[in-house]
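Start from the sequences, fold in the hints, and give me the full structure.
In the order they appear, the protein sequences are chains A and B. If you're matching positions, the first sequence starts at 1 in full-length UniProt numbering and goes up one per residue. If you're matching positions, the second sequence starts at 1 in full-length UniProt numbering and goes up one per residue.
To be clear, the hints were calculated from the coordinates, so they are not data collected in a lab. Fair warning: there could be bad hints in the mix.
Treat identical chains as interchangeable: a pair holds within one or across any two.
As the list claims (entries may be wrong) - 27 Å max Cα-Cα, derived DSS-like pairs, lysine-lysine:
{"id": "1", "residue 1": "Lys-87", "residue 2": "Lys-58"}
{"id": "2", "residue 1": "Lys-40", "residue 2": "Lys-87"}
{"id": "3", "residue 1": "Lys-40", "residue 2": "Lys-81"}
{"id": "4", "residue 1": "Lys-58", "residue 2": "Lys-40"}
Protein chains: 2
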Amino acid sequence: MDTPNPTVQATRTSLDIVEALVRLDGAGVTELSNELDLPKSTVHNHLNTLRDVEYVVKHDEVYNVGLRFLKLGEYSRSRLKIYDIAKPEIDSLAEQTGELVNLSVEEYGRGVYLYLARGDDAVHLDTHAGMQVHLHCTALGKAILAYMPSERVTEILDTMGMPARTEQTITDRDALREELDAVRERGYAYDRQERLDGLRCVAAPITTPEQEVVGAISLSGPTSRMQGERFDTDIPDALRDTANVIELNMTYS
Amino acid sequence: MDTPNPTVQATRTSLDIVEALVRLDGAGVTELSNELDLPKSTVHNHLNTLRDVEYVVKHDEVYNVGLRFLKLGEYSRSRLKIYDIAKPEIDSLAEQTGELVNLSVEEYGRGVYLYLARGDDAVHLDTHAGMQVHLHCTALGKAILAYMPSERVTEILDTMGMPARTEQTITDRDALREELDAVRERGYAYDRQERLDGLRCVAAPITTPEQEVVGAISLSGPTSRMQGERFDTDIPDALRDTANVIELNMTYS
DNA sequence: AATCCTGTTCGTCCTAGTAGAACAGGCGTT
DNA sequence: AACGCCTGTTCTACTAGGACGAACAGGATT
Numbered sequence: 001m002d003t004p005n006p007t008v009q010a011t012r013t014s015l016d017i018v019e020a021l022v023r024l025d026g027a028g029v030t031e032l033s034n035e036l037d038l039p040k041s042t043v044h045n046h047l048n049t050l051r052d053v054e055y056v057v058k059h060d061e062v063y064n065v066g067l068r069f070l071k072l073g074e075y076s077r078s079r080l081k082i083y084d085i086a087k088p089e090i091d092s093l094a095e096q097t098g099e100l101v102n103l104s105v106e107e108y109g110r111g112v113y114l115y116l117a118r119g120d121d122a123v124h125l126d127t128h129a130g131m132q133v134h135l136h137c138t139a140l141g142k143a144i145l146a147y148m149p150s151e152r153v154t155e156i157l158d159t160m161g162m163p164a165r166t167e168q169t170i171t172d173r174d175a176l177r178e179e180l181d182a183v184r185e186r187g188y189a190y191d192r193q194e195r196l197d198g199l200r201c202v203a204a205p206i207t208t209p210e211q212e213v214v215g216a217i218s219l220s221g222p223t224s225r226m227q228g229e230r231f232d233t234d235i236p237d238a239l240r241d242t243a244n245v246i247e248l249n250m251t252y253s
Numbered sequence: 001m002d003t004p005n006p007t008v009q010a011t012r013t014s015l016d017i018v019e020a021l022v023r024l025d026g027a028g029v030t031e032l033s034n035e036l037d038l039p040k041s042t043v044h045n046h047l048n049t050l051r052d053v054e055y056v057v058k059h060d061e062v063y064n065v066g067l068r069f070l071k072l073g074e075y076s077r078s079r080l081k082i083y084d085i086a087k088p089e090i091d092s093l094a095e096q097t098g099e100l101v102n103l104s105v106e107e108y109g110r111g112v113y114l115y116l117a118r119g120d121d122a123v124h125l126d127t128h129a130g131m132q133v134h135l136h137c138t139a140l141g142k143a144i145l146a147y148m149p150s151e152r153v154t155e156i157l158d159t160m161g162m163p164a165r166t167e168q169t170i171t172d173r174d175a176l177r178e179e180l181d182a183v184r185e186r187g188y189a190y191d192r193q194e195r196l197d198g199l200r201c202v203a204a205p206i207t208t209p210e211q212e213v214v215g216a217i218s219l220s221g222p223t224s225r226m227q228g229e230r231f232d233t234d235i236p237d238a239l240r241d242t243a244n245v246i247e248l249n250m251t252y253s
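This is how it looks when you write it as structure tokens:
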């Protein structure tokens with residue numbers, strides 16, 4: 001899986017260019033050529049191709065990614081059964097609590113946000129659909145890790161590492177393992193400012209009847225509102241309720 | 001623009017494979033090989049590459065597009081200023097009218113839906129974010145075409161044609177030109193079952209102070225509810241109001 | 001007017017992607 | 001239980017075609 005099998009360099013280059021366009025928020029040929037350390041003509045060829053297939057647009061000597069990606073992105077999300085089913089439940093939980101509620105799944109060892117629902121008092125974060133996060137430093141991630149086979153957890157930690165995001169981030173494997181044990185016992189996971197200072201989250205896993213985890217839902221809020229009974233029981237209960245509804249709808253449809 | 005300049009074949013192939021994965025809703029190597037008329041090993045190489053860069057996932061011998069596209073798609077949309085600004089206005093218009101309200105822009109001669117807001121009574125259509133439609137058969141499209149330079153309209157009609165979608169679709173150029181004149185006079189466009197039977201839409205363009213069109217908003221509903229004063233004045237007025245708010249926010253921000 | 005940016009085109013060399021066949025493993029059938 | 005028929009994967013060779021560097025063309029800035 002990590003071994004570089006026979007592979008298509010041109011595809012890598014094209015996608016590198018697309019990613020650079022995102023990173024630079026639009027760019028010209030020369031800029032990309034410098035950024036990626038490729039000859040201008042190569043960059044130009046790829047951009048021509050991407051434009052020809054209508055994946056990239058050009059306005060006034062500035063290239064950018066086109067809306068074909070929107071179509072693909074929407075498809076990549078909607079093909080996941082969990083998205084359709086969880087969306088309305090998450091919406092109502094957000095409205096009910098006023099907070100920010102998220103749906104995410106694991107892909108390539110990272111958590112990917114599928115959908116975010118904002119209640120009236122929801123915090124404003126950098127989170128957005130499609131965003132990737134490390135699993136070890138989020139409630140979502142810990143909820144997912146806790147219900148994964150132990151070997152897969154090891155594998156993920158090996159490849160992704162456990163970088164510190166805040167002072168509170170768990171960076172020790174054994175500590176994380178203990179935390180995951182606790183998550184399994186409780187049935188939900190906490191994030192106490194482990195990814196962002198001032199932010200606390202609670203997350204519940206979504207599993208199949210066979211106890212295979214397919215994703216997680218979480219609720220995020222400022223430390224000020226996330227404490228006491230609300231943080232200890234009310235929100236966890238609400239999340240587990242919602243998770244249960246989603247699980248039921250997943251199995252019977 | 002249509003001339004096949006020096007171009008990267010491998011990139012085309014990779015994207016062909018991705019599109020085939022969407023079309024087939026997930027597929028195996030052999031299936032793709034048949035669908036695209038390519039050697040199995042070539043398909044396999046591309047899939048390996050796409051998997052290595054984490055754009056494609058594989059579950060049980062079935063390949064599918066991954067969530068990296070979600071990230072790109074969300075970016076491709078959110079980088080358009082009109083999206084951020086129009087979204088809340090459209091949400092409130094949908095809530096207020098109970099119908100389906102859409103935001104779209106033109107790209108490569110087609111209309112692309114950026115966002116859809118559903119009111120309580122909204123019709124259930126095939127429309128989804130990222131979907132592409134012909135401009136000549138939708139209210140959205142006609143609102144956009146009406147405010148485009150005439151040569152660009154000709155160019156688009158030349159490359160895209162004017163296929164009939166229903167009995168009502170305008171398939172004659174002169175008739176369309178007249179319709180576009182009427183749109184400019186009224187300030188909004190109609191679709192009277194021209195794309196889908198039983199569906200009527202009203203659309204208003206979003207323009208810059210220099211009268212350059214940057215997109216359009218539309219409202220769709222069943223013919224039963226889209227008639228009389230509501231269809232003739234109420235909804236058009238509401239759309240123009242919303243469009244004006246969006247235009248103002250676009251210029252002053 | 002001359003310099004210094006762009007983006008684009010051209011032509012060559014050799015890489016590296018394509019193609020086809022052979023291999024390996026599961027599943028279902030007989 | 002052994003066969004055939006699917007998969008996906010690996011291997012090897014040939015040569016198509018993509019990477020590259022330099023040259024070209026057009027604006028803007030000086």
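Evaluation of the provided hints:
1. Lys-87 / Lys-58: Intra 35 Å, inter 25 Å, cutoff 27 Å: inter-copy only.
2. Lys-40 / Lys-87: Neither: 44 Å inside a copy, 38 Å across copies.
3. Lys-40 / Lys-81: neither (43 Å within a copy, 30 Å between copies)
4. Lys-58 / Lys-40: Within one copy only: 16 Å inside, 34 Å across.
Taken one by one, the earlier hints fail for this structure at numbers 2, 3, listed in ascending order.
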